[in-house]
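J.: Spelled out, the chains give:
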Amino acid sequence: MAQAGKGRLNYRCPSCFMRDLDIDMFYDKEKGEYYCIRCQYRGSEADVLAKNEMARFRYGAMSKRFTDFEDFS
Amino acid sequence: MDRFIVNIVHRPEMVPEYAEKVTGQGKAEDIGRGALLTESLDIFKTQQAIAHKNGLKTTIQMTYASLFNDEAVALAKEHHEKYGDEISLSLLGLPCEQFREKYHTKDFCIWMFSMEEKKTIVRDVFGKFHDRFGFYPESTGSYYMDADLINFIKAEYPSVKCAVATCWEEGPKAYHTCNNSWYTFMDGGPWAPWIPSKQNTHAPAANEAEDSGIVAIPHLSRDLLACYDGNGSNFGTHPQNVLRGMIYDTKTWEYPYLYNLIDQYRHLAKFNNGYAYNMMFVGPGWMNKMGRWEAPYELLKKSYEDGCAYYGQLKKEGKLTDMTMSEFADFYREKKHYTEPECALWRDILYGSDKQLFWYCDPYMRVCVNMDQGGAIVDLRPYAAKLEWPVGIGTPHVQDASYPFLIQEKYRAGYFTHYAGEGTIRSAKICHNGEEVDLCLCRTHGHFSQVCTDRVLTLDPVEIEFSDLTVKLQTVFTFPEGTGQVRIERRVLSMSDPEAAVTINEYMVACYGTTEYAEDMTSLTLAVQAGQEKEVIPYAYRCREASLAGADEVNCALPPIKTKVTMTCQGRDKTGYVREGYAFSPMFTLGYTGTLREKEAFSTWLRLERAD
Chain A
15 MAQAGKGRLN YRCPSCFMRD LDIDMFYDKE KGEYYCIRCQ YRGSEADVLA
65 KNEMARFRYG AMSKRFTDFE DFS
Chain B
23 MDRFIVNIVH RPEMVPEYAE KVTGQGKAED IGRGALLTES LDIFKTQQAI
73 AHKNGLKTTI QMTYASLFND EAVALAKEHH EKYGDEISLS LLGLPCEQFR
123 EKYHTKDFCI WMFSMEEKKT IVRDVFGKFH DRFGFYPEST GSYYMDADLI
173 NFIKAEYPSV KCAVATCWEE GPKAYHTCNN SWYTFMDGGP WAPWIPSKQN
223 THAPAANEAE DSGIVAIPHL SRDLLACYDG NGSNFGTHPQ NVLRGMIYDT
273 KTWEYPYLYN LIDQYRHLAK FNNGYAYNMM FVGPGWMNKM GRWEAPYELL
323 KKSYEDGCAY YGQLKKEGKL TDMTMSEFAD FYREKKHYTE PECALWRDIL
373 YGSDKQLFWY CDPYMRVCVN MDQGGAIVDL RPYAAKLEWP VGIGTPHVQD
423 ASYPFLIQEK YRAGYFTHYA GEGTIRSAKI CHNGEEVDLC LCRTHGHFSQ
473 VCTDRVLTLD PVEIEFSDLT VKLQTVFTFP EGTGQVRIER RVLSMSDPEA
523 AVTINEYMVA CYGTTEYAED MTSLTLAVQA GQEKEVIPYA YRCREASLAG
573 ADEVNCALPP IKTKVTMTCQ GRDKTGYVRE GYAFSPMFTL GYTGTLREKE
623 AFSTWLRLER AD
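For the record, the sequence lines run as chains A and B. My numbering numbers the first residue of the first sequence as 15 and each following residue consecutively. My numbering numbers the first residue of the second sequence as 23 and each following residue consecutively.
The hints are simulated quantities; they were obtained by calculation from the structure and are not laboratory data. Please note: incorrect hints may appear among the correct ones.
[Stated by the list, open to error] No farther apart than 27 Å at their CA atoms in a straight line, the calculated lysine-lysine pairs in the DSS-like style are these:
1) A/Lys65 <-> B/Lys141
2) B/Lys273 <-> A/Lys78
3) B/Lys273 <-> A/Lys65
4) B/Lys323 <-> A/Lys20
5) B/Lys311 <-> A/Lys78
6) A/Lys78 <-> B/Lys377
[Unchecked claim] So, partial list: chain A residues that the calculated Cβ filter (under 8 Å) puts toward chain B:
7) Met15
8) Ser29
9) Asp34
10) Asp36
11) Arg52
12) Cys53
13) Lys65
14) Asn66
15) Glu67
16) Phe71
17) Tyr73
18) Phe83
[Said to hold, decoys possible] Here are the in silico distance ranges between beta carbons for each label pair:
19) A/Ala69 <-> B/Thr142: 44 to 50 Å
20) B/Arg465 <-> A/Ala69: 24 to 30 Å
21) B/Lys451 <-> A/Tyr49: 48 to 54 Å
22) B/Arg465 <-> A/Lys78: 36 to 42 Å
23) A/Ala60 <-> B/Arg465: 36 to 42 Å
24) A/Gly74 <-> B/Ala331: 51 to 57 Å
Ideal Cβ positions, reconstructed from N, Cα and C, are used throughout, including at glycine.
Produce the complete structure using the sequences and hints provided.
T.: Okay, structure coming up:
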């Protein structure tokens with residue numbers, strides 16, 4: 015088995031990202047998957063992208079444009 | 023009229039921190055790679071072009087490496103002539119072949135070198151700058167500049183009047199986010215420009231004698247709520263921060279958060295005599311053609327174009343003034359006086375909660391009040407101590423440049439602990455007939471006002487429900503300028519039974535440190551004093567307590583951080599107490615109990631001073 019390398023972009027592990035940990039994943043071209051060397055996550059590019067969308071759940075106001083910074087009504 | 027100032031700072035880093043490690047993956051390290059140098063310079067040119075296209079002047083912080091590059095030097099001169107950009111000098115970007123050959127080290131953070139090496143490097147870098155430009159710079163910077171370094175630079179190069187001197191709340195959180203590999207520990211500083219004291223960069227100067235001679239600016243303007251809890255590098259006015267935090271729509275590539283962040287900073291003018299500040303400081307590493315994180319080059323470039331376009335639009339609308347760093351230093355000196363605090367009433371603009379914090383910073387303290395916890399103080403830094411804290415090789419703090427805390431709710435718990443012990447927090451408990459309610463559980467919001475030289479934070483009243491009594495209570499914080507004190511007043515506006523009385527317990531659980539882990543508490547001394555009567559507890563983890571009715575003050579002396587923290591009180595039936603911690607909960611508590619009736623107030627003062 016050949017060594018892993020870098021994928022198209024330096025995707026971070028979505029599982030670690032959700033615990034505020036930035037870890038670039040490596041790409042196993044034989045299996046066609048990214049994997050994390052810190053935790054047990056592995057997945058295809060499509061899965062990484064889907065999990066990254068999931069990670070945004072905490073940004074409840076990500077799409078909101080605020081015009082008042084003291085109005086909580 | 024409000025003034026919103028922006029500093030746009032670019033640095034032609036020839037070997038960007040990220041680029042060699044990330045884009046060079048799979049290749050042996052070669053910091054002299056021609057392709058790397060060319061790409062870095064191209065990115066710098068692109069960033070300059072984007073700023074200029076939007077009518078913004080920049081501060082070009084030349085790096086050591088770029089001083090060896092004729093094209094970079096020529097570009098700086100040309101842009102200074104053509105656009106009014108300031109030619110400045112950064113102490114970031116040291117790595118290059120010339121530096122490695124000369125200093126035989128891979129260290130690149132100026133504050134971590136020994137003092138002797140700092141002097142040698144500064145003289146070398148400033149000398150090289152003079153050789154190339156024929157003058158010494160008026161501004162400089164790094165991620166952090168320790169006091170000894172600033173004092174040395176100011177003494178040797180008096181022309182320097184501005185410096186990038188800290189990264190707000192970049193400490194253990196950043197270290198953890200970077201898989202425990204990024205050794206930048208600099209928590210506890212100001213989030214907005216300040217005049218550093220000669221003793222400690224993070225602690226603002228209280229007067230001319232303490233003035234280091236420079237105006238410091240933070241590295242980026244960061245989200246005062248998100249950065250306190252999460253990774254600082256995700257929530258700042260560097261577009262890459264926002265991309266790193268994945269705070270954008272992957273389909274539309276829109277990021278309203280970036281604009282909300284800028285706008286909330288603009289809003290801070292309301293609390294600071296009509297002045298607000300932003301800084302955007304970028305190097306080339308993040309904008310390389312291979313993309314960064316999950317973002318392709320096109321998105322990286324778009325984010326910078328959009329960020330500059332927004333600042334440019336604000337400028338066109340007369341809502342923003344772009345300045346170079348040295349221009350800003352002059353403006354700041356004219357605008358602010360030493361004891362004038364920096365205030366920020368900050369709301370959550372990302373997570374969709376209604377959480378709100380109030381940050382206060384002056385030469386005596388940095389305080390964070392959390393309205394979501396009933397106005398509890400959740401972070402407290404005793405700047406009054408002006409703690410000398412040498413940093414770098416050969417000092418007790420090789421990497422740790424953070425200003426120590428007394429309270430830090432994330433590192434040493436706040437209200438919530440796991441079944442045992444106590445976390446650091448300054449709050450109050452209201453008690454009635456054996457029931458107890460901590461104000462930490464009373465969510466509310468606050469409003470800022472200024473009365474003469476007092477900054478006042480008035481919280482919306484909260485209702486405390488006991489089984490047979492409801493109490494409507496309001497908290498008011500007053501920060502009298504230049505005193506090192508904060509007054510917390512609890513007012514009972516009404517009670518369901520007007521004849522009832524409740525007990526109040528004003529308390530502060532604290533410790534000291536810069537990280538999550540406990541320090542040795544055995545040199546601390548707790549004391550409670552009432553007239554001539556005094557009880558003292560030398561800290562020995564024995565869970566002891568002392569109290570005195572009518573106490574004039576309760577205090578704790580903390581020799582390791584040369585700080586004395588004191589609480590005094592005015593209120594019915596006041597009794598002061600001090601409480602020692604124990605091994606599993608290595609904190610101390612200062613407090614006052616008393617009685618409150620309808621329409622009455624109970625006031626406590628928290629005072630910070632140097633003690634040695």
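J.: Please list, smallest to largest, the hint numbers that this structure does not respect.
T.: 1, 5, 7, 8, 12, 13, 16, 22, 24
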